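J.: So the chains spell out like this:
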Amino acid sequence: MPFLLQIAPSAKALPANPIAEALSTGCLGCHGSRGEGHGSIPALRTLDPDALTERFLAFRDDAHKDSVMHRIAKAYSKEEAHLVADALARKK
Amino acid sequence: MMNDARRRFLSRWPAIAALGSLRVGPLYAGTASPRIVVAGGGFSGLNLARWLKQLVPSARITVIDPNEHYMRCPGSNRVIAGFAELPSLRHHTAPSLHQIGIAFLKGRIVGRDDYKKRVHLDDGKSVAYDRLVVAPGIDFRWEQIEGLSERTTTLVPHAWRAGRQTQLLRDQLAALPAGGVFMMTVPANPYRCPPGPYERASLIAARLKQTNPRAKILILDAKSKFSKEKGFKSAWASLYPGMIEWISLETEGEIDYINPKKREVATAFNRYRADVLNVIPPQKAGALAKMLGLIDASGWCPVDPFSFKSLMGRDIHVIGDAANFGPIPKSAFAAQAEGRACALAIALDLSELPLPSPRIINHCYSLVSQNEAISITGTYVAKSHLPVPETLSLMESTPTADRRSEYVNAMDWFDVLVESTFGSPSIRR
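Chains as they are written, first to last, in the numbering used here: chain A, 1 to 92; chain B, 93 to 521.
What the hints contain is simulated information worked out from the structure, not anything from laboratory work. Please read all numbers here as calculations on a predicted model, not as lab measurements. Incorrect hints may appear among the rest.
[Stated by the list, open to error] Capping the alpha-carbon separation at 25 Å, the derived lysine to aspartate or glutamate pairs in DMTMM-like fashion look like this:
#, chain 1, residue 1, chain 2, residue 2
1, B, K322, A, D62
2, A, K74, B, D263
3, B, K475, A, D86
4, B, K308, B, E235
[Claimed, not checked] Which bits of chain B does chain A cover? Going by a derived footprint, with three or more residues having C-beta under 8 Å, they are:
#, segment
5, 195-206
6, 425-436
7, 447-458
Ideal placement from N, C-alpha and C gives every residue a C-beta, glycine not left out.
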């Protein structure tokens, strides 16, 4: 049997982009392996990619310097933020 | 082997519309299901195994570890300070792996055969792999402190690998005389969990404040600055005024020798006598890495940060504390991130696809009291022309951060880390 690179095992899974996977895998450390969130850590999979990108990019300009997402978002470009959001949306 | 047309096609993967539906492979060595051996069932090894099983469901993954139970260091400072119990750190590794089709083999690896791609176990068996992932954690450089050896750890515990040492330090602290001195020595970088010693001092202070308020905590450091320094110092000043004294390298110089029986530490300028002495020794990659010939003169394992491949073996990857990832701290969370990133690299590499640049996030909380925490967050990227990853951002809690709300985040973050590693939630007590 051939082995597949199955990022999301569901039949409806959208294609995986390795660059986007490499950029977004780190998010799962806090937000959970399916982006499900936990307690005070928000779920990512409830957001559509556009909303997720918008929120992520807003953190870059956050005045609240102690926000964890402010620290992380600073390290991603706008293009990278789009890729991250697309990859995370696929984990639904 | 792949034909050239197919290889050219696959090499354009960013443009591939439906990678997930491509029937790629079998692409290597004639086997349909890649055999992955993971040597070490800690934070990096277990996260790698679980994530790789998601990415490549047909992979036959075997985790090999000498211990059926893993005692985790994250959370152990709470046990030392008496705010949690030792069994809460214990995880039974095999059952949750079996549930998702990953094998667990209790055994000690004693050698490797690069040519036949097998690891040898101490019971004479050997296990074949297509990829070997080595994740052995840390070991100690006893010889770097005169007077210190593995035997002296019953008098002077390190408690830097969780288990009996954790309980021993806890018991010694519980018997600290009224107004007594607890002294901790901290090594130079790199070592496991850079902010760990200062979290330990904080939680011990929280306990002593209740039970032994005249006691003193001395931290003798081989560094002149430390992780989350501003946050820790601000917490110490407000929560434990006058109780914790941090002594930097400039003040005292290096440790000259220790006398374990007298619990004495001599520096270039002074001699200190403690009632409880906790020497955290300088560190190196776990013994397995040395035995497999994967360390360099630094004592750590050099790796290609793109593929996580060892520079000293064939089809061998090294992740977690044992590997040299430059500025990425040796934390359990970073180990988790390395495990997942390495799983992606292996999945792509087995399909002969080019590897993207890994982005690693380290996000890490330290408790400063029973209900307050501070944090640090770094993001790192590997670039093809650099030998180790590069720091993209590094920020920590400001002295005015809301430590109680950080504590709430810390507990949730910890639950996610423990569950992603061991497959079951943590027990808080």
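J.: Evaluate each hint against the coordinates.
T.: Structure-based check of all given hints:
1. K322/B x D62/A: holds, 22 Å
2. K74/A x D263/B: Status violated; Cα separation ~44 Å.
3. K475/B x D86/A: holds, 23 Å
4. K308/B x E235/B: violated, 29 Å
5. 195-206: violated (count 0)
6. 425-436: holds (count 6)
7. 447-458: holds (count 8)
Checked against the numbered hints listed earlier, the structure breaks hints 2, 4 and 5; every other hint is satisfied.
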